[in-house]
Each structure stands twice: as structure tokens, then as C-alpha cells.
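Chains A and B, in that order, are what the protein sequence lines are. If you're matching positions, the first sequence starts at 461 in the numbering used here and goes up one per residue. If you're matching positions, the second sequence starts at 800 in the numbering used here and goes up one per residue.
Hints were generated in silico from the structure; no laboratory data involved. Hints should not be assumed to be uniformly reliable.
[To be verified] Simulated pairs of lysine to any residue, SDA-like, Cα-Cα distance not exceeding 20 Å:
id, chain 1, residue 1, chain 2, residue 2
1, B, Lys884, B, Leu916
2, B, Lys899, A, Ser574
3, B, Lys894, A, Asp620
4, A, Lys631, B, Asp918
5, A, Lys543, A, Ser574
6, A, Lys500, A, Lys543
7, A, Lys661, B, Glu917
8, A, Lys661, B, Ala957
9, A, Lys631, A, Asp486
10, B, Lys893, A, Ala568
11, B, Lys894, A, Ala625
12, B, Lys884, B, Met874
13, A, Lys661, A, Pro580
14, B, Lys893, A, Gln623
15, B, Lys908, B, Leu830
16, A, Lys500, A, Arg613
17, B, Lys893, A, Asp620
18, B, Lys841, B, Tyr942
19, A, Lys661, B, His955
20, B, Lys893, A, Glu531
21, A, Lys631, B, Arg920
22, A, Lys631, B, Asn919
23, B, Lys893, A, Pro528
24, B, Lys841, B, Arg947
25, A, Lys661, B, His956
26, A, Lys489, B, Asp929
27, B, Lys894, A, Gly504
28, B, Lys893, A, Leu627
29, B, Lys894, A, Pro528
30, B, Lys893, A, Met532
None of the values given here were measured: they were computed from a predicted structure.
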Amino acid sequence: MKSQFGKLLLALFTFTLISAVAPVVDAYKVGEQAADFSLKNVDGNMVSLADFKGVNGYIVVFTCNTCPYAEMYEDRIIALHNKYASQGYPVVAINPNDPSVKPGDDFASMQTRSKEKKFPFKYLFDDGQKVYPAFGATRTPHVFLLDANRYIRYIGAIDDNAQDASLVSVKYLENAIASLKAGNNPDPSETKAIGCTIKVKS
Amino acid sequence: MIYWLLSILIQGTLPKVEEQPMWIVPAPDTLSVQVINYDELKPLLHSKSDTTYVVNFWATWCAPCVQELPLFLEMDSMYRDQPFKLILVSLDFKKDYIRKLEPFVRERKIGDHVVVLEDNRANFWIGDIDPEWSGAIPATLVYRGQQRAFFERTFHHADELHDIVKPFLNL
Chain A
461 MKSQFGKLLL ALFTFTLISA VAPVVDAYKV GEQAADFSLK NVDGNMVSLA DFKGVNGYIV
521 VFTCNTCPYA EMYEDRIIAL HNKYASQGYP VVAINPNDPS VKPGDDFASM QTRSKEKKFP
581 FKYLFDDGQK VYPAFGATRT PHVFLLDANR YIRYIGAIDD NAQDASLVSV KYLENAIASL
641 KAGNNPDPSE TKAIGCTIKV KS
Chain B
800 MIYWLLSILI QGTLPKVEEQ PMWIVPAPDT LSVQVINYDE LKPLLHSKSD TTYVVNFWAT
860 WCAPCVQELP LFLEMDSMYR DQPFKLILVS LDFKKDYIRK LEPFVRERKI GDHVVVLEDN
920 RANFWIGDID PEWSGAIPAT LVYRGQQRAF FERTFHHADE LHDIVKPFLN L
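Just chain A, with the same shape it has in the complex (with noise of 0.2 Å):
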């Protein structure tokens, strides 16, 4: 009983420690579910995961105006919402940057670039950035797809070429949601890539 009693207040303890020191050991991993959140939308109007009904899972995007990653995915991004909607998989995007820190990251920006690209996906922005860290994103582009109980399948890259898409050879997000939709686990479940840092204060 008494060391029992001891493991929960080291367990505790530690806990406390960890979550003090580096809060990104808390980010969501492959196979935890996220908490769902609210966030605004290029719209004016707040959005939530659970506003979408009846789909199979969300293609949750951290991504933003400026990053020249982001940009050279942008297309991307709208063809994949333009593919995955139907089938039931949103694109969600989300500018987790701190727009003090970079201005054309800003919420009229957001607004200017919805309209000039004619985003057909929600593009919300991660005002107060409480929602990356949660998600443990670290880049834009950084993408992370759900299923439909918002648990985490795959985390990563959209695919393996930034810089030319006509000469990308593995379609990790495509694969993974073809994963999701055979019943599978994502294979692989996590990949890394090149980005810009999301943006916050020093």
C-alpha cells in the first residue's frame, strides 16, 4: 500500500517535471486522440472538429502565408480537400503563427490569401497558439490526419517533394488516408521534412 502510495507521488511527481520542463512531451502521438478545439475561421466564424458531420476523419494542416514550404504545398493542399472532402476527409487548415512575430501571418492576411486562392477549405487561425503545441507541430507545412474519433493515424509531410510535385515518388498523406480507408494502420505512420519553424515569440 505505502509503495504504492510512493510510485503515484514519483509518478506525479514526474509528471510535473516533464510537463514543466518540456511541454512538448505532451504532443499528441500516433494513436492518441486530440481534443478537439476552437478556432476562427477566415469566415469570422468559430470552427470546431465536431462542426463536421458525418465524415470519416480530418486532414488537420498546420500551415500559413509566408512559409515558402507552405506555398510551394498550397495547390497541394486544395487538390487534396478537393479529392478527400467527398470521400469524407477535410482538409482543416490552421496558421499556428505568431503574427507579431510575423506580420503577413496576420488575420486580414489569412483572409486576403483564403480569397485570392479560393481555399476551399476552413482556414483557421491559432489565435493565442494553443493548439500546435498541443498537437506537438513544430513546421508549416506539418500535417496530421485523424479519423473520424479524432484519434491520430499519421503525422508528417504530404508527400516526399516539396520543391517539384510532378516529380514526387511516395504520397505519404494519400497512402495514409488509403490506409484508414482499407481499415489499416498508416505504413508508415510518421515521416520528417523540411520546414519553417512556427513562428512565437522569444
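Chain A is already provided as a structure; the job is to place chain B on it using the hints.
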């Protein structure tokens, strides 16, 4: 290629770019720094010598990278008398080599430090460079022999940079 890598390791030099005032330099049409793949970069990240290596991953399109670059160059000149080597690994886009990277390298006179990494296997080499690296830049590797540390972060002050490099130097 091996000879070239060795010459960098030993002399710390790449072919010198002729220095002229910017306003009379014609638009450069060749890249004066070496473009290498990850297999060619990897030996530079695992030298067995007693030199402290600071390897910074950057690109001209990356604003925080460009901002912190002077801190690295300052440190390099400060440790001129030490067994110290600064390598700036550019992750610039191919379309920007001549248009952006070459003028940047010339203007800042950093050709001695810069290599360009061109390798589509990012999903492999990011984790091979450091398992904890997510791929965001700027990012910096510091190593000497077996002692290694990796930093996926931006440096804002010279002190921050010196704090992470000092433990590696025989001062």
C-alpha cells in the same frame, strides 16, 4: 569529390570568389559553392578529429536562419585559433541557387563555410542527422568526436550560442 571534402576538412577553404564591389559584379550565373547529397554530407557530420564542428542548417528563404547567421560567423572568427569548424548547410531550393543563394554567399563572403544539401530523401536524412529533429530550420548540430548535441531552435544572442558550444571546446 573525396579530395574536395578532405580539402574542406583540412584547409577549411573552398575556391575563392573574386571580391569586387557589389555594384559592378555582373549577375553570377554559376554557383560557387558545392552541391552535395546526404551520403557526401554525412562524413562532415562524423569527423573523428579533435575539432569542434558547428553545423548549421539554414536557407536564404528562412528569415530566422538569416537573422542568426551573423552570430555563427562572429563565433567562427572568435575561435579562429581553436580547433573549430563552422559548416553552413544550405537547404535552398534548386530554383534559388543562382537567383538568391549565390548573391547571398558572395555578398556575405561566406563561401568558405557553405555547402548545399540537395537530397530528396529528407524523411531519411533528417532522422539520421538527429532522431529528435522534426525538420524545422534553423537547426544546429554541435559535435566533437563522439560528443554531440542537436538544437532545433533559433539563436537570438551570441551568449546563447556560446553557451552550447563552450562545453565542446578545449578552452
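- Query: Which of the numbered hints above does this structure break?
  - Reply: Violated hints: 2, 6, 7, 9, 10, 13, 16 and 27; rest satisfied.
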